[in-house]
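Engineer: Two chains, two frames, a set of hints: combine them into the complex.
The primary structure of each chain is shown beneath.
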Amino acid sequence: MEFPDGLFYTEDHEWGMEENGVLIVGITDYAQGELGDVVYVELPQEGTILKAGEPFGVVESVKSVSDLYSPVSGEVLEINPDLEAEPETVNTSPYDRGWMIKVALSKKSELDKLLSAEQYANFVKNLK
Amino acid sequence: MTSNAPKKTPLYDRHAAAGAKMVDFAGWLMPVQYEGVLAEHSAVRNRAGLFDVSHMGEIFITGEDAEKFVDHIITNDVRRISDGQILYTVMCDDEGRVLDDLMVYRTSAQSFLLVVNASNTEKDFNWVKSRAGGWRAVVADRSADFGMLALQGPRAVAVASKVLTFPETFNHHAFFEAEYEGARAVVSRTGYTGEDGVEIIVENKAVVRLWDALLEAGKEEGVAPTGLAARDLLRIEAGYSLYGHELDENTDPVSAGLSWVVKPEGREFIGKKALQGVKPTRKRISFVAEGRGIPRQGCKLFVDEKEAGAVTSGTFSPSLQKPVGIGYISAEEWSVSKGGRLTVEIRGRRTPVKVYRPHLKPTNGG
Numbered sequence: 025m026e027f028p029d030g031l032f033y034t035e036d037h038e039w040g041m042e043e044n045g046v047l048i049v050g051i052t053d054y055a056q057g058e059l060g061d062v063v064y065v066e067l068p069q070e071g072t073i074l075k076a077g078e079p080f081g082v083v084e085s086v087k088s089v090s091d092l093y094s095p096v097s098g099e100v101l102e103i104n105p106d107l108e109a110e111p112e113t114v115n116t117s118p119y120d121r122g123w124m125i126k127v128a129l130s131k132k133s134e135l136d137k138l139l140s141a142e143q144y145a146n147f148v149k150n151l152k
Numbered sequence: 009m010t011s012n013a014p015k016k017t018p019l020y021d022r023h024a025a026a027g028a029k030m031v032d033f034a035g036w037l038m039p040v041q042y043e044g045v046l047a048e049h050s051a052v053r054n055r056a057g058l059f060d061v062s063h064m065g066e067i068f069i070t071g072e073d074a075e076k077f078v079d080h081i082i083t084n085d086v087r088r089i090s091d092g093q094i095l096y097t098v099m100c101d102d103e104g105r106v107l108d109d110l111m112v113y114r115t116s117a118q119s120f121l122l123v124v125n126a127s128n129t130e131k132d133f134n135w136v137k138s139r140a141g142g143w144r145a146v147v148a149d150r151s152a153d154f155g156m157l158a159l160q161g162p163r164a165v166a167v168a169s170k171v172l173t174f175p176e177t178f179n180h181h182a183f184f185e186a187e188y189e190g191a192r193a194v195v196s197r198t199g200y201t202g203e204d205g206v207e208i209i210v211e212n213k214a215v216v217r218l219w220d221a222l223l224e225a226g227k228e229e230g231v232a233p234t235g236l237a238a239r240d241l242l243r244i245e246a247g248y249s250l251y252g253h254e255l256d257e258n259t260d261p262v263s264a265g266l267s268w269v270v271k272p273e274g275r276e277f278i279g280k281k282a283l284q285g286v287k288p289t290r291k292r293i294s295f296v297a298e299g300r301g302i303p304r305q306g307c308k309l310f311v312d313e314k315e316a317g318a319v320t321s322g323t324f325s326p327s328l329q330k331p332v333g334i335g336y337i338s339a340e341e342w343s344v345s346k347g348g349r350l351t352v353e354i355r356g357r358r359t360p361v362k363v364y365r366p367h368l369k370p371t372n373g374g
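Read top to bottom, the protein sequences are chains A and B.
Residue 78 in the numbering used here sits at position 54 of the first sequence, with consecutive numbering throughout.
Residue 307 in the numbering used here sits at position 299 of the second sequence, with consecutive numbering throughout.
In short, the hints are calculated from the structure, not lab data.
Quick caveat, the model's predicted, so the values are computed rather than measured.
Cβ coordinates follow ideal geometry from the N, Cα and C atoms, glycine included.
Certain hints may be false.
[Stated by the list, open to error] Below, computed lysine to aspartate or glutamate pairings styled on EDC-like, alpha-carbon distance capped at 16 Å: (1) Lys330(B) / Glu108(A); (2) Lys330(B) / Asp36(A); (3) Lys29(B) / Glu58(A); (4) Lys280(B) / Asp85(B); (5) Lys75(A) / Asp53(A); (6) Lys131(A) / Glu99(A); (7) Lys330(B) / Glu112(A); (8) Lys280(B) / Asp101(B); (9) Lys75(A) / Asp36(A); (10) Lys291(B) / Glu340(B).
[Stated by the list, open to error] Computed from the model, here is a short list of chain B residues facing chain A with C-beta under 10 Å: (11) Lys29; (12) Arg300; (13) Arg304.
[Claimed, not checked] Computed list of chain A residues with no C-beta within reach of chain B, every gap over 12 Å: (14) Pro28; (15) Gly57; (16) Glu70; (17) Val89; (18) Glu99; (19) Leu107; (20) Lys149.
Isolated chain B, as found in the complex (with noise of 0.2 Å):
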């Protein structure tokens, strides 16, 4: 980066006209809140929450190779989608350490988009476009040239089907292009909430009428705008991991507990020699914890009286009305003590914990 600058969505604008709170987010200038966190949580469990996620990567890779390079970068199996599919996967390097998860839509066996963190675009290029040599692939970083939407909530398909024409059959992790006031658009049913929804990358040029139109549309539904604050409370009620929590480079997705997005049956990729034969060494649990005290990133998790863990993420949760987090357990830990009494320390006081499932809501396919 040659400026430190924070930079500014095509959104800007919009959100400092609505009175919300601004941070510096991953380079980025985001609106944290804009209503208040609780009262944009709840439209969207209830209706739907429109998202400004324009700081998120989008990294183009096209060419005769594309559908091999893209699997050899990846440890999930991407033969496992077909045209107008997205699969969520790691990225690893040769150590088999996690460089960053992310969506891969496939649109052609010639064309894929990969959705990346915005703390890792620069990182992902890179990495990326040095291990493409040898391959007959183009790849592109095209993050400043697109702006990104997400409507997440019940009402979501419904209002956003006002705005844009879709296909009769849209199911949980498909997308399809679109044209939107002259500007590309890439639709998918896909979002970070646990609830249904669209996400909606578009070229800069209708960024802020897409936001206009989207929010018109949902006006008689209350459809309001959310900031990351209620973003990130939402995907930990939802159980999502994200960079910089549940994962970093020093994690491997085995023992994160990722192992589901680790296909290493029949194909080679980057960091599958290192990630052989580990095994899972920590279990990842999300938890609700007793009390109002709420445990933050670093508390430490106990099994009876043994240190057995640490709390990546955690918040209150309006829904269950009670602290709620995402932690690693260790495995032995976890198996030795099935049963046993799980805490958490919250300012040095132990505080009992119950593990959960997410209750996401079924989506349509998914």
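With the rest of the complex left out, here is chain A (with noise of 0.2 Å):
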């Protein structure tokens, strides 16, 4: 399992990315892989405006069904539109090709609250 270092993590297993104020967030490594193959991923439309730890989508793999829940607070600037033709890449590319939406911050303090790629290595074992 991979959690690359100077990306955010979340205790409901998203990541996100930031670079200039916008952050691109996607599930983790491990989240794909205890959905196992996933098949369907709602995301929700461009402009709407998201709150820190509310749901802002689903995942759907074979046999069971997840919401997405974002980092942080803002409005969606981008869906990845490739999803939905291929929603697998969610697990053959989790932090790459995989990514679900891009979000402007609108408190980029939210971001101190997320975990590190250490914090969330450890509270992954710690579900073991």
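Structural biologist: Laid out in structure tokens, this is it:
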């Protein structure tokens, strides 16, 4: 399992990568492994205003359905258009081509509450 | 049950070594997936997949009255099968409620085997035993002595016949008894995937050797171990019931659309009185949904704007590349609305669904 350094993580197993006030959000390698084959990702419309910790979408695998929680507050600028036709990208490339949404951060200080790669790795270890 | 710790099948170490994800299913630690549910589904539909289904229960009924007693406890007519044949049926209580669905194997008029769901084995055994008074029949739960493997897929029979000697004629829903490495085995042409295939009940001591031999025999053809997640997906695609989803003790077989396994003509059986005069009130459907959201158990079904039933099982079908499911609709709504608009509600939104008849691949004699 991989948890790249430099990303932010949540206890709900999302990751975020910050670039110039925009957070790219996806789900972690651990999350995709637990879900199994992803067959559908339901994402919000561009322009939707998200609140930190609230659901922004749904990821469905063959066996289960899980809510996706926004790590931060802000406006959805972009959604990953490839996931509609190729939801399995979430399994094969969770931190890269499997990204889900880009959010314009409305409160940059919210990032301070998120976990580092090391903290998240410890969190996952204790779930086992 | 005396202990809450889940039981392990003889193949537990094989599953662990293969890196399978294990779950507690009906009191058994079972492999839910190995490589991935979609890859395993594809193996079964295109080649063959090997399942450990050792959690299934085996209840033997023997004695002079065995045939009459078995006929008394099931809704289907056991006289429809002869030696070496298998009958699908349900077993009801006196009120006509479904206790389990099961396969009845007839070795002779004095010897039968009931293969029952893992979740119901103990309940079924206690029930059958409690009704055996006055019959010259011995009821024995041998579930702890036997494992069970299922090899399913278009190549399953060819692969299995490298390991076991098959009779010249081996029809669908037939079985034969064999010895494998000194262990007693019962080999049947049955399955739960909609594909051709075999199921092999074998004494514990030979389960691991048989598992290894089948995988080795199928190596070149790409036969792979397959977990319970793929098994559930395959059975939903094929439209098969799973106890706890399509069937339970709140269901009677007639209103559940299973009247084809209720044969009241010229025989008496437990639950017959209660089932007399029951009209089918629900229609069971297999359906394909539009969009990509998956209709899960409990999602409501609507005919036009009226709530008319609910989903009992749902998943994503890799074969159809669409969400599929099984559910019940009230017979009344169904008949007034032939051609009405059928929808399913997923997370508050209605999505159109289309009824379909699962296309099961025909097997020899089936």
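Engineer: Enumerate the violated hints, using their earlier numbering and listing them in ascending order.
Structural biologist: Failing hints, ascending: 2, 5, 15, 17 and 19.
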